[in-house]
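4 protein chains.
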Amino acid sequence: MPGNTLGEALKITTFGESHGSALGVVVDGCPPGIPLSEEDFLEPLSRRRPGSYLFSSPRQEEDRVELLSGVFEGLTTGCPIALIVRNRDQRSEHYETLREIFRPGHADITYFQKFGIRDHRGGGRASSRETVARVAAGVIAGRILEPLGVKVKAYTVELAGIRAREWDLGFAEQNPMRCPDREALVKMEAALKKAYGERDSVGGIVELRAENIPPGLGEPVFDKLEADLGKAILSVGAVKAVEFGAGFEATRLLGSQNNDPILNRPGVKALDPVYASNNSGGILGGISNGDTIVIRVGIKPIPSIGKPQKTVDINGTATELILKGRFDVCAIPRILPVLEAMVLVVIADHVLRQRRIR
Amino acid sequence: MPGNTLGEALKITTFGESHGSALGVVVDGCPPGIPLSEEDFLEPLSRRRPGSYLFSSPRQEEDRVELLSGVFEGLTTGCPIALIVRNRDQRSEHYETLREIFRPGHADITYFQKFGIRDHRGGGRASSRETVARVAAGVIAGRILEPLGVKVKAYTVELAGIRAREWDLGFAEQNPMRCPDREALVKMEAALKKAYGERDSVGGIVELRAENIPPGLGEPVFDKLEADLGKAILSVGAVKAVEFGAGFEATRLLGSQNNDPILNRPGVKALDPVYASNNSGGILGGISNGDTIVIRVGIKPIPSIGKPQKTVDINGTATELILKGRFDVCAIPRILPVLEAMVLVVIADHVLRQRRIR
Amino acid sequence: MPGNTLGEALKITTFGESHGSALGVVVDGCPPGIPLSEEDFLEPLSRRRPGSYLFSSPRQEEDRVELLSGVFEGLTTGCPIALIVRNRDQRSEHYETLREIFRPGHADITYFQKFGIRDHRGGGRASSRETVARVAAGVIAGRILEPLGVKVKAYTVELAGIRAREWDLGFAEQNPMRCPDREALVKMEAALKKAYGERDSVGGIVELRAENIPPGLGEPVFDKLEADLGKAILSVGAVKAVEFGAGFEATRLLGSQNNDPILNRPGVKALDPVYASNNSGGILGGISNGDTIVIRVGIKPIPSIGKPQKTVDINGTATELILKGRFDVCAIPRILPVLEAMVLVVIADHVLRQRRIR
Amino acid sequence: MPGNTLGEALKITTFGESHGSALGVVVDGCPPGIPLSEEDFLEPLSRRRPGSYLFSSPRQEEDRVELLSGVFEGLTTGCPIALIVRNRDQRSEHYETLREIFRPGHADITYFQKFGIRDHRGGGRASSRETVARVAAGVIAGRILEPLGVKVKAYTVELAGIRAREWDLGFAEQNPMRCPDREALVKMEAALKKAYGERDSVGGIVELRAENIPPGLGEPVFDKLEADLGKAILSVGAVKAVEFGAGFEATRLLGSQNNDPILNRPGVKALDPVYASNNSGGILGGISNGDTIVIRVGIKPIPSIGKPQKTVDINGTATELILKGRFDVCAIPRILPVLEAMVLVVIADHVLRQRRIR
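In order, the protein sequence lines correspond to chains D, W, X and Y.
Residue numbers for the first sequence follow this note's numbering, beginning at 484 and rising by one.
Residue numbers for the second sequence follow this note's numbering, beginning at 484 and rising by one.
Residue numbers for the third sequence follow this note's numbering, beginning at 484 and rising by one.
Residue numbers for the fourth sequence follow this note's numbering, beginning at 484 and rising by one.
So that you can see chain D by itself, here it is in the shape it has in the complex (with noise of 0.2 Å):
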């Protein structure tokens, strides 16, 4: 009932709060015998670092996993993995003029409205700093999934409006936002830099694409794989719409036009399908057909901002608020390995789940 586990045969639970001393997950059901070190978190959780990248939030954190349980001498024993990462650099005093006002945009008023208290301090549990557990599950999912070959990629295709019209996967590769457009990136680095500059922020457009899926994941009715991926992606604070291949574009496509014709890999004689196109992104009838898992992820602008605002306190006092410090312009692109990340589980959850049946 209450909502801090994802997840059936690979069950993470998180915890922790922006400013508390720790955040951390248990992972409970990975497999035995997977190598895995506190080292294999570095990397990913110094992409979804602040400072990582122009404009971001100053705030610094070493943001090292301490593993401490259910890996024994290099390698998963099967049980629960449950992993910390300490807060460090709080300066929590900043937030002492928010404990009674609530910040539009945030669920700061919310949380109160449905526990009557709350931690005002950077948002609580309510904090994008939530997602460094999301993050470090994302990397033992990935463990799981590497016999396989899953890939699973983020990129971004949108940026205060601005569209990446070409395709370019070699430079996505080479740039912090993992855009595929060289001239679309320069616009949108502008468009960031005005954001700053205005104390205002931006959203945009996030492309997600897992490949090497293997057919057969997913579960009728409920547990579709798009319906548990859309969860887990909806999940993530800042994150307010979420499509499937076509998306809304296959709203306005005719059923001849939508319809992903099925081909037999030349030479095969047995089943072995491939799709001339990838319409239903990789997924039909909630089952993954083996094709390119393609997600496109609406994120809202940070609504942290410097702007007046207007408000209320916890008294129904109405007041304007003027957010001191400096914040993330753009959720972008730090939140790109967290929505790695919630694939990874995801799929991982389903390729546990597959087992049981054939």
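Fair warning: there could be bad hints in the mix.
[To be verified] Interface residues of chain X toward chain D, partial, derived using beta-carbon atoms under 7 Å: (1) M484; (2) A492; (3) P514; (4) C562; (5) P703; (6) L835; (7) R838; (8) R839; (9) I840.
[Stated by the list, open to error] So the derived label-pair ranges between C-beta atoms look like this: (10) R809/D x L631/W: 33 to 43 Å; (11) R809/D x E556/Y: 21 to 31 Å; (12) P630/X x R809/Y: 40 to 50 Å; (13) G516/W x I797/D: 31 to 41 Å; (14) E576/W x T775/X: 30 to 40 Å; (15) L631/W x E694/D: 39 to 49 Å; (16) R547/X x G750/D: 25 to 35 Å; (17) G599/D x E549/Y: 40 to 50 Å; (18) T775/X x S760/D: 53 to 63 Å.
Derived by calculation from the structure, the hints in this document are not laboratory data.
Idealized CB from N, CA, C, for every residue including glycine.
With chain D's structure known, arrange chains W, X and Y on it following the hints.
The following block gives chains W, X and Y in isolation, referenced to the frame of chain D:
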């Protein structure tokens, strides 16, 4: 691990195939003392019945609910409510030619890849006929929410690329598409007719509005209200996209434009907020803020079309498939009560979950 | 949160009341390709049917299973299997006098306290009639386990304080009590007759033996095999005690007596252990060790008796209750197939859970 | 599917091994606004600490809880409470000889059979050290139940076959065994001493009493209160038997003896029942009736003994094992707070579950 159950405090488990003897649902967790009778299901089920609108599939089903348990002398008892709807007009023989061929855009091939066996008749478990159980569950959820005044309404806001630009709710109440724009509806019906004539199909976009939602629903961090609503909606066949509030459009706004200013109701001294806008779609940090929940859902064109399509059979032999018979031209309007039901079920679940807290 | 579902990989959800229109179960997670027909349920259900043994309740039920879903052309499909058993010989009017009075030893009063409403007819959901759905689920679980050679058998080892001291399995197979001691059975039947004559009831102890269990079933640390078996067995009405292996008697042994020495099979070089004794009941640290699982279950005397009893009505008025009609004198032997079914369901669940690991 | 989580509305997930860096638990679902500090755990954890009673294992652990999340300014927030207890005095080298040998009566062999890998140090995840996390969870559950006045107490009622026949609660409060019989305790301590001298071990029976339980807790039909209590208790290592109320003894009573007559409190007009006896152990039909919940738990003798034992190694080679070092002679009294904790956790879970209903 299997996936035919949804919800935590209100748990629904559905079963049944398109051409089996019955479909049904077990609703566990409904509070006691709520009036419920078989008649309560008639009107909602008639809304999703085939043949109720132009160019829809002519299959005739009575769709009468039989209540098997959980109701005593007209009141729910707190014990699981099981109900079934018999399949009558099945005509399985129509599907005999599809026993070994996979229809493009359908789950035929993925079910076969997943299970190594499939009920080929009418899509089996993957048929849209399955949604009859969802609508029935929604009726019960609606009863639970009645004392709170919760209203959930679906509207067709786009069909075949034709967008509703007027917002005439009175008009929407009067047409089966629940389209709020008189002129757009004329064009939509023309598009339906054209697709029908060409033995093709179309898709569209549905907007869901849930009103009188208490603040505080939704759980940190995975069972956010958007996450659970998104999952439930994406679990409906044909849905390929979902967005909340301003959705993808929010990604093109500045933070200062997207944040909804918080105001207090005039003359009220205690905390009783209203919002100057509703870009959030009524959900902040995954928790309801008391404003109207707004969701838009992208529905792909129906994959069953009369045009020739490339596909393969279970041996991998390439073939061309021309489907016989008549199919719906569009999942709208029959999908409207299904989507409303999913929202009702998730909201009722979270209302019951919230009760444990305060 | 509601409690009518059991299991993780094999999930069973039951529904129905003693005097509703039907009882049933949805079995979700059954692997595909397993032969299953309505006839498979006849023999197991006849074993738990009233009237099948001396001094048992004369209520006549046909107890025919109707399969509603999940089976196609005689094989399971991997989709949820729903089945119902109709109630026919209900005679609700017999219970009219019990509408406002609570029978001692029954759940009448606690259901009323929990829900504020109750179906008074025959105990409603708390009736032993509910176990028909458990036996049906056990048939499906048994089918899943068939390829492993798993056998689960229940024996009456004590009744009304009369203990079986011989262990003649051949004899046990021939009597409905499945009592392995010929002399004890004679005394047990005399005790049944005496209680019948006095309009009273008796209890007893059932021993369950599960053979050919693969080692490795059960999960650290809460879902230990004993924990899940214990829960499933204690969820059967009338069960008040459960013990594994030497059970309570183990508490009187020294460690050196209770530990089961581990031997390897002669002539085998690889790890292939046998145990010199089985005080553990086939489970070590919550995980099966490959030896026979041995469980003893304490069954209380049936609370429905013809003698006058002190009780109260829904207004709290003290009264004396004399139940009319005839009831079973003992839950044994009708409970035997129910207990076997619970063990089968838990073992099948854990077999499917283990598949994800290795 | 993995098994390290217990509960529905109050969900506890534990992790950690005997010789890993820490053990811990995430408690999700604790209501907000409850006072909680690290000091609250000191006394309960000291009760289960080694070395706190005669002939117990000399391993010294500080067992200080570190609260990582879910508490803000001394109050719970409604967000998950994670806590860890560091392992300090580990002496892993003692266990090096056990790397490839299986200790009889322990989970060594079954973990190896299940996972193909195991942490051999001190039993790894199967160590009784794991119960530190359970006791910590019990502290939080106890806090949730405080306003209801719920009290849960464990008593040693039998040890090494010596039964307590007096019931002197005042005396029980004064000895670490919580044995209510002064004379029996003298004999029990002599038995402990004797077993210690022989490098052997003994078992015993613990009685749990839970008072001030609201009526109406427990769910039909699988999540009966006995079922969930039984599962939680049987999930504790060393527990091999559990019974409720009159338990196995109830099987030797007539129905007319076993049924607890229902009386109303004198002078009260509304329904406010008391029971003339408590053979039910406070639970009818799986739902609490408001009377004291009485449970007896059979604890096997500790499998770690100093006497030579027959066993095999991971290659199947037969060998004789003589364990070095010192171990507890009996799981009692250290298991007492663990069993109390399990009862508190299950009761708190069901109290929160019941809130959704009325």
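Each hint tested on the structure:
Taking 7 Å as the C-beta contact cut-off toward chain D, the hint placing M484/X at the interface holds, the least distance being around 6 Å. With a least beta-carbon distance of about 5 Å to chain D, the hint placing A492/X at the interface is held under the 7 Å criterion. Given the 7 Å rule on beta carbons, the hint for P514/X holds: about 6 Å separates it from the nearest Cβ of chain D. With 7 Å as the threshold, the beta carbon of C562/X comes within range of chain D, its nearest partner Cβ sitting at about 6 Å, so the hint holds.
Interface restraint check for P703/X: the shortest CB-CB distance to chain D comes to about 6 Å, inside 7 Å, so the restraint holds. Annotation: interface hint on L835/X holds; nearest CB of chain D at approximately 4 Å, less than 7 Å. With a cut of 7 Å, the hint placing R838/X at the interface with chain D holds, because the nearest CB-to-CB distance is about 5 Å. Taking 7 Å as the C-beta cut-off, the interface hint given for R839/X holds, the closest approach to chain D being about 4 Å.
Look at I840/X: its Cβ gets to within about 6 Å of chain D, closer than 7 Å, so that hint holds up. As the Cβ distance of R809/D to L631/W is approximately 42 Å, the hint placing it in 33 to 43 Å holds. Under the hint 21 to 31 Å, the C-beta atoms of R809/D and E556/Y, about 26 Å apart, fit the expected range. A hinted range of 40 to 50 Å for the beta carbons of P630/X and R809/Y is consistent with their spacing of about 47 Å.
Distance hint for G516/W and I797/D: a CB-CB separation of about 36 Å, consistent with the stated range 31 to 41 Å. For E576/W and T775/X, the Cβ-Cβ distance of about 51 Å falls outside the hinted range of 30 to 40 Å, so the restraint is violated. Between L631/W and E694/D the Cβ separation comes to about 45 Å, which falls inside the hinted range of 39 to 49 Å. Restraint check, R547/X to G750/D: a C-beta distance of roughly 53 Å breaks the suggested window 25 to 35 Å.
As the Cβ distance of G599/D to E549/Y is approximately 26 Å, the hint placing it in 40 to 50 Å is violated. Between T775/X and S760/D, the C-beta spacing of about 57 Å keeps the proposed range 53 to 63 Å intact.
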